[in-house]
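Participant: Let the hints inform the model, and build the full structure from the sequences given.
Top line first, the protein sequences correspond to chains A and B.
Going left to right, the first sequence walks through residues 1 to 424 as the UniProt record's numbering numbers them.
Going left to right, the second sequence walks through residues 1 to 424 as the UniProt record's numbering numbers them.
No lab work stands behind these hints: they were computed from the structure.
Remember, predicted model here, so these are calculated numbers, not experimental data.
Just to be clear, a hint being listed does not mean it is correct.
Pairs involving identical chains hold if they fit within one copy or between any two copies, as the list cannot separate such chains.
When the alpha-carbon atoms are kept at most 35 Å apart in a straight line, the in silico DSBU-like pairs for lysine-lysine are as follows [to be verified]: (1) Lys113 / Lys95; (2) Lys77 / Lys28; (3) Lys65 / Lys77; (4) Lys222 / Lys77; (5) Lys385 / Lys222; (6) Lys28 / Lys222; (7) Lys222 / Lys379; (8) Lys389 / Lys312; (9) Lys314 / Lys222.
There are 2 protein chains.
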Amino acid sequence: MGLKSFVHVSEGSHFPLENLPYGVFRRKASSEGADVARPAVAIGDYVLDLSAVAEAGLFDGPHLKGSTSFSQPSLNKFLEMGRPAWKEARSTLQKILSADEPVLRDNDALQKKCLVPMSEVEMVLPVVIGDYTDFFSSIYHARNCGTMFRGAENAIAPNWYQIPIAYHGRSSSVVISGTDVIRPRGQGPPMGSSTPYFGPSLKLDFELEMAAVVGPGNELGKPIDVNNAADHIFGLVLMNDWSARDIQFWESVPLGPFLGKSFSTTISPWIVTLDALEPFACQAPTQDPEPLPYLAEKTHVNYDISLEVSIKPKDHDEPSIVTKSNFKHLYWTVTQQLAHHTINGCNLRPGDLLGTGTISGPEPDSLGCLLELTWNAQKTLSVGKSSRKFLEDGDEVIFTGCCKGKDYNVGFGTCTGRVLPAFP
Amino acid sequence: MGLKSFVHVSEGSHFPLENLPYGVFRRKASSEGADVARPAVAIGDYVLDLSAVAEAGLFDGPHLKGSTSFSQPSLNKFLEMGRPAWKEARSTLQKILSADEPVLRDNDALQKKCLVPMSEVEMVLPVVIGDYTDFFSSIYHARNCGTMFRGAENAIAPNWYQIPIAYHGRSSSVVISGTDVIRPRGQGPPMGSSTPYFGPSLKLDFELEMAAVVGPGNELGKPIDVNNAADHIFGLVLMNDWSARDIQFWESVPLGPFLGKSFSTTISPWIVTLDALEPFACQAPTQDPEPLPYLAEKTHVNYDISLEVSIKPKDHDEPSIVTKSNFKHLYWTVTQQLAHHTINGCNLRPGDLLGTGTISGPEPDSLGCLLELTWNAQKTLSVGKSSRKFLEDGDEVIFTGCCKGKDYNVGFGTCTGRVLPAFP
Numbered sequence: 001m002g003l004k005s006f007v008h009v010s011e012g013s014h015f016p017l018e019n020l021p022y023g024v025f026r027r028k029a030s031s032e033g034a035d036v037a038r039p040a041v042a043i044g045d046y047v048l049d050l051s052a053v054a055e056a057g058l059f060d061g062p063h064l065k066g067s068t069s070f071s072q073p074s075l076n077k078f079l080e081m082g083r084p085a086w087k088e089a090r091s092t093l094q095k096i097l098s099a100d101e102p103v104l105r106d107n108d109a110l111q112k113k114c115l116v117p118m119s120e121v122e123m124v125l126p127v128v129i130g131d132y133t134d135f136f137s138s139i140y141h142a143r144n145c146g147t148m149f150r151g152a153e154n155a156i157a158p159n160w161y162q163i164p165i166a167y168h169g170r171s172s173s174v175v176i177s178g179t180d181v182i183r184p185r186g187q188g189p190p191m192g193s194s195t196p197y198f199g200p201s202l203k204l205d206f207e208l209e210m211a212a213v214v215g216p217g218n219e220l221g222k223p224i225d226v227n228n229a230a231d232h233i234f235g236l237v238l239m240n241d242w243s244a245r246d247i248q249f250w251e252s253v254p255l256g257p258f259l260g261k262s263f264s265t266t267i268s269p270w271i272v273t274l275d276a277l278e279p280f281a282c283q284a285p286t287q288d289p290e291p292l293p294y295l296a297e298k299t300h301v302n303y304d305i306s307l308e309v310s311i312k313p314k315d316h317d318e319p320s321i322v323t324k325s326n327f328k329h330l331y332w333t334v335t336q337q338l339a340h341h342t343i344n345g346c347n348l349r350p351g352d353l354l355g356t357g358t359i360s361g362p363e364p365d366s367l368g369c370l371l372e373l374t375w376n377a378q379k380t381l382s383v384g385k386s387s388r389k390f391l392e393d394g395d396e397v398i399f400t401g402c403c404k405g406k407d408y409n410v411g412f413g414t415c416t417g418r419v420l421p422a423f424p
Numbered sequence: 001m002g003l004k005s006f007v008h009v010s011e012g013s014h015f016p017l018e019n020l021p022y023g024v025f026r027r028k029a030s031s032e033g034a035d036v037a038r039p040a041v042a043i044g045d046y047v048l049d050l051s052a053v054a055e056a057g058l059f060d061g062p063h064l065k066g067s068t069s070f071s072q073p074s075l076n077k078f079l080e081m082g083r084p085a086w087k088e089a090r091s092t093l094q095k096i097l098s099a100d101e102p103v104l105r106d107n108d109a110l111q112k113k114c115l116v117p118m119s120e121v122e123m124v125l126p127v128v129i130g131d132y133t134d135f136f137s138s139i140y141h142a143r144n145c146g147t148m149f150r151g152a153e154n155a156i157a158p159n160w161y162q163i164p165i166a167y168h169g170r171s172s173s174v175v176i177s178g179t180d181v182i183r184p185r186g187q188g189p190p191m192g193s194s195t196p197y198f199g200p201s202l203k204l205d206f207e208l209e210m211a212a213v214v215g216p217g218n219e220l221g222k223p224i225d226v227n228n229a230a231d232h233i234f235g236l237v238l239m240n241d242w243s244a245r246d247i248q249f250w251e252s253v254p255l256g257p258f259l260g261k262s263f264s265t266t267i268s269p270w271i272v273t274l275d276a277l278e279p280f281a282c283q284a285p286t287q288d289p290e291p292l293p294y295l296a297e298k299t300h301v302n303y304d305i306s307l308e309v310s311i312k313p314k315d316h317d318e319p320s321i322v323t324k325s326n327f328k329h330l331y332w333t334v335t336q337q338l339a340h341h342t343i344n345g346c347n348l349r350p351g352d353l354l355g356t357g358t359i360s361g362p363e364p365d366s367l368g369c370l371l372e373l374t375w376n377a378q379k380t381l382s383v384g385k386s387s388r389k390f391l392e393d394g395d396e397v398i399f400t401g402c403c404k405g406k407d408y409n410v411g412f413g414t415c416t417g418r419v420l421p422a423f424p
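Facilitator: What follows is the structure in structure tokens.
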């Protein structure tokens, strides 16, 4: 039996008392306080307004008593406080939402202030993202892409086994789930002429990723030890790192992806904490060769998070599942990623995003992007009554992710975006 | 004869009335108001506190009257206002600082509030940098690096002539001139073994760059036309994009530079506006092949900015010049860079930095980094009584940049940083 809240949590809900993921919401336009964005946790079909909880004096532990970290339009201040404050908040919230605890259960006026139906809110970006980094940590994804473009012999470069390879992404264009994505224009490779293609991308793709949200972070020049790295990760979100493959391929030599990625990156509104994911920790894949000492971690874990991608073409009534993967497939763990990121002294700040890279699994139906699923348009993927090589205008792409426990789920909700036609 | 201010401007100063570059300063620790950072312009050996000028009601034009843009700890709000406000500020400041204008000249109390000797201030980062992008726009630099690693035949990839190639940089580690740079640790290529090198970088380098500071910017999905791009560039700074070549080479395949760059990037404190640079505009190099229409600009200009790099080893009394280059050598202009950056819909925000990439010139003594000057340590560069292949601990690297007019300079001051030993 899972934990019991006085707030109704339907069977199969992603948001039982065991989860309590963090987001930032705004009441919809017609309501009172519609313009104010405030932190919340999700419980069942409600959001619990943490600024109202704080105002009622219910955060009474040593870290959060009197703190203004929830009267902010983002979670950055709370993230900066670190794990002791996070644990205290979780314990307070599990207590006041529990079926046995009268303080909120028996106070209708306070409930009205604190609990808002999800249907009455709009979620916004949960954090101000200073920097967004994208890793490349699935060996299946790396091998598939390498095989496609360099042949099976040279699929994975030797550095990949030593380094959690990554590139800097664009933080200005990280958007919240539900934001439309305008098909980017740009240059593609010349097609039988000396001039490059120019126009709307012909190879628009999704990338099934997750991202770690950074907590306190580090001062410039002071690396974070891999065995302390978990204390700097608040939680995970789903992430769609939309990619224009034609733009990406033409521009990437020699400095890597740029405009092929920077037009939009979508994240899910709810950050699931590492504390909530703890019961779903599982051994990460054995690494061969052994990583260098600064990447060798005592606790080498991933999480068993089932991931699913659906596409809903505009003339379809229902989305169709196109791939199923799992976070546990990642070769490099998020703690190794974080330790590597800081080994040169680079400073991480609260709210920074560390994307995992496309999470492909070993099976043909567990590949994390259309590039792999259609082998760069050499094959066709069936999507309900339609088929796709790459995304078409009007397609809605829906990610979901969930840890399935015996009696409850710890889920991420969805991360969605619809493709709009290119700028004329 | 240049313009005349009542503030003394010594001959050869970088900061006459024609310049008025923008920065953000703080009074040194012992003074009143030491903790408050405020915008200023430089004039001679003084900074003019713009919050004090605003408080005195001297910004009386339609854009700036009553504006709070100078009572901020960064220039972002002023940058967001756009060129009409920038022009108004320049005209107001040139007037109130002029030798003929009594309002400030004859008011000792007000002068005391507004004019602070540079010796009494500390400069801080002038802008909050949302995203930092680094281009690769010198054909000489591209050709030299390409020749070194891929041979003269394949030195420059075909996309380079069509695209202002760039990668996303790290914004958290952009620091102000004068900040020490800790030698990064990291992985380098395996040297005669199967295991990579790990330790302090053995190939620490500077990169002589400049960066454009973005003004209003654009909404996600709405590109900026190349012929309007200048309205989105507030001005330029000097930039040292410190690079650890061993880390960079080992990590860069296939996603580009990451930890080889992200440990520190230094910018000069003063942003010289495009308005101040206008008299030094010069025709940019002819582009062959012609750029695609979205990059074809009516006004294709660079600026004639002489650049110089000196190194001062810790046991030397004086710095020694190691290279002289010029901004005018850039193949892709900053307006083309900006238009390209947004063609896919990527949004730029006020305060974003667009680095030019290393500015090498055609002559052997105009190369913009040690990698080129020593041909990846195959040659030795003499630095006063010492010599260098790459940077050593204790070395101070000093950039300076200046436009030399007939009767005056428009200069950038210096951009400096000293190398400290690696974290133990």
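Participant: Please go over all the hints and tell whether each is borne out by the structure.
Facilitator: Against the structure, the hints come out as follows:
{"no.": "1", "hint": "Lys113 / Lys95", "in the structure": "within (18 Å within a copy, 55 Å between copies)"}
{"no.": "2", "hint": "Lys77 / Lys28", "in the structure": "both (24 Å within a copy, 28 Å between copies)"}
{"no.": "3", "hint": "Lys65 / Lys77", "in the structure": "both (14 Å within a copy, 34 Å between copies)"}
{"no.": "4", "hint": "Lys222 / Lys77", "in the structure": "both (21 Å within a copy, 32 Å between copies)"}
{"no.": "5", "hint": "Lys385 / Lys222", "in the structure": "between (54 Å within a copy, 34 Å between copies)"}
{"no.": "6", "hint": "Lys28 / Lys222", "in the structure": "between (43 Å within a copy, 26 Å between copies)"}
{"no.": "7", "hint": "Lys222 / Lys379", "in the structure": "between (48 Å within a copy, 33 Å between copies)"}
{"no.": "8", "hint": "Lys389 / Lys312", "in the structure": "within (14 Å within a copy, 58 Å between copies)"}
{"no.": "9", "hint": "Lys314 / Lys222", "in the structure": "between (50 Å within a copy, 24 Å between copies)"}
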